[in-house]
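These protein sequence lines are chains A and B, in that order.
For the first sequence, position 97 matches number 97 in my numbering, and the numbering has no gaps at all.
For the second sequence, position 91 matches number 203 in my numbering, and the numbering has no gaps at all.
All the pointers check out, no bait thrown in.
Okay, derived cross-link-like pairs now, DSBU-like style, lysine-lysine, Cα gap no bigger than 30 Å in a straight line:
1) Lys123/B with Lys190/B
2) Lys127/B with Lys42/A
3) Lys37/A with Lys58/A
4) Lys58/A with Lys42/A
5) Lys42/A with Lys174/B
6) Lys37/A with Lys68/A
7) Lys58/A with Lys68/A
8) Lys123/B with Lys42/A
9) Lys174/B with Lys127/B
10) Lys57/A with Lys42/A
11) Lys183/B with Lys42/A
12) Lys190/B with Lys127/B
13) Lys57/A with Lys22/A
14) Lys190/B with Lys37/A
15) Lys68/A with Lys57/A
16) Lys42/A with Lys190/B
17) Lys58/A with Lys22/A
18) Lys37/A with Lys123/B
19) Lys37/A with Lys22/A
20) Lys57/A with Lys71/A
21) Lys71/A with Lys22/A
Since the hints were derived computationally from the structure, they do not count as laboratory data.
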Amino acid sequence: GENVEQHPSTLSVQEGDSAVIKCTYSDSASNYFPWYKQELGKGPQLIIDIRSNVGEKKDQRIAVTLNKTAKHFSLHITETQPEDSAVYFCAVVSNTGNQFYFGTGTSLTVIP
Amino acid sequence: EAEVAQSPRYKITEKSQAVAFWCDPISGHATLYWYRQILGQGPELLVQFQDESVVDDSQLPKDRFSAERLKGVDSTLKIQPAELGDSAMYLCASSWERGITGELFFGEGSRLTVL
Numbered sequence: 001g002e003n004v005e006q007h008p009s010t011l012s013v014q015e016g017d018s019a020v021i022k023c024t025y026s027d028s029a030s031n032y033f034p035w036y037k038q039e040l041g042k043g044p045q046l047i048i049d050i051r052s053n054v055g056e057k058k059d060q061r062i063a064v065t066l067n068k069t070a071k072h073f074s075l076h077i078t079e080t081q082p083e084d085s086a087v088y089f090c091a092v093v094s095n096t097g098n099q100f101y102f103g104t105g106t107s108l109t110v111i112p
Numbered sequence: 113e114a115e116v117a118q119s120p121r122y123k124i125t126e127k128s129q130a131v132a133f134w135c136d137p138i139s140g141h142a143t144l145y146w147y148r149q150i151l152g153q154g155p156e157l158l159v160q161f162q163d164e165s166v167v168d169d170s171q172l173p174k175d176r177f178s179a180e181r182l183k184g185v186d187s188t189l190k191i192q193p194a195e196l197g198d199s200a201m202y203l204c205a206s207s208w209e210r211g212i213t214g215e216l217f218f219g220e221g222s223r224l225t226v227l
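Use the sequences and the hints to build the structure in full.
Structure, rendered in C-alpha cells:
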C-alpha cells in the first residue's frame, strides 16, 4: 500500500506568521491529495485538495503545492489566526481505487 | 447542511463485551468508509463499501470485527469481543462519487474506551 509521511508532527507559530506542513508519498499512481483539519473531539474536515494535473491551488489564506516528480505536497497557511489551531492531516489517494491513505498528523498551535 | 451521523458519540465497555456503532451517511452517497483513529495518529481504513458491497476489508480484523451495509444506506460496525487495544475513535465517512475520487465527508466519530 501507500506510505505517507507527514512533517512536522507539531508546529507552533505566532499569530500572523505562516505555517507549512509537508507530506511525502511513495505510489506514483496517486492522483488526489486532500488536506483535512481536525478540531478536538470532531471528525476531520476537508480544507483544500489538489489533483495531479495541477501544481498549485489556493483558497484565501490556504494553499497547497504539489511536486509529482519528487512525490511531495505541502500545505501553506498564511496570516495564521488562533482558530487555525488544530490537527492537520494530509491524505493520498491512488487512481487504482478510492482508498485514502492518511499522514500521521500535524498539531498546529497559533499563539496569540 | 447534510451531515454524516454517527452514534453513539461515546462508549465505555469492558473487555470481552460486544460493541456496535452506527453510521448514516449523507443521502445519496454511494461510498461509505469506516476508519479507526488511535490518539495521535491518522485515520486507518477498516472497511469500504460501494453501495451494499464490500470493496475493501483487508485491514478489518475479521475474527472480532464485522461490518454491514445491508440496503446500501446506513451501516453498522460491530466488535465482539472488545479488547483493550480497540480503544480508539471510530470514524465513518461517505462520498457520493462512484469510480472518481471525491471529497470525503466525516462524521463526528464514536469514541470507544475498553476497560
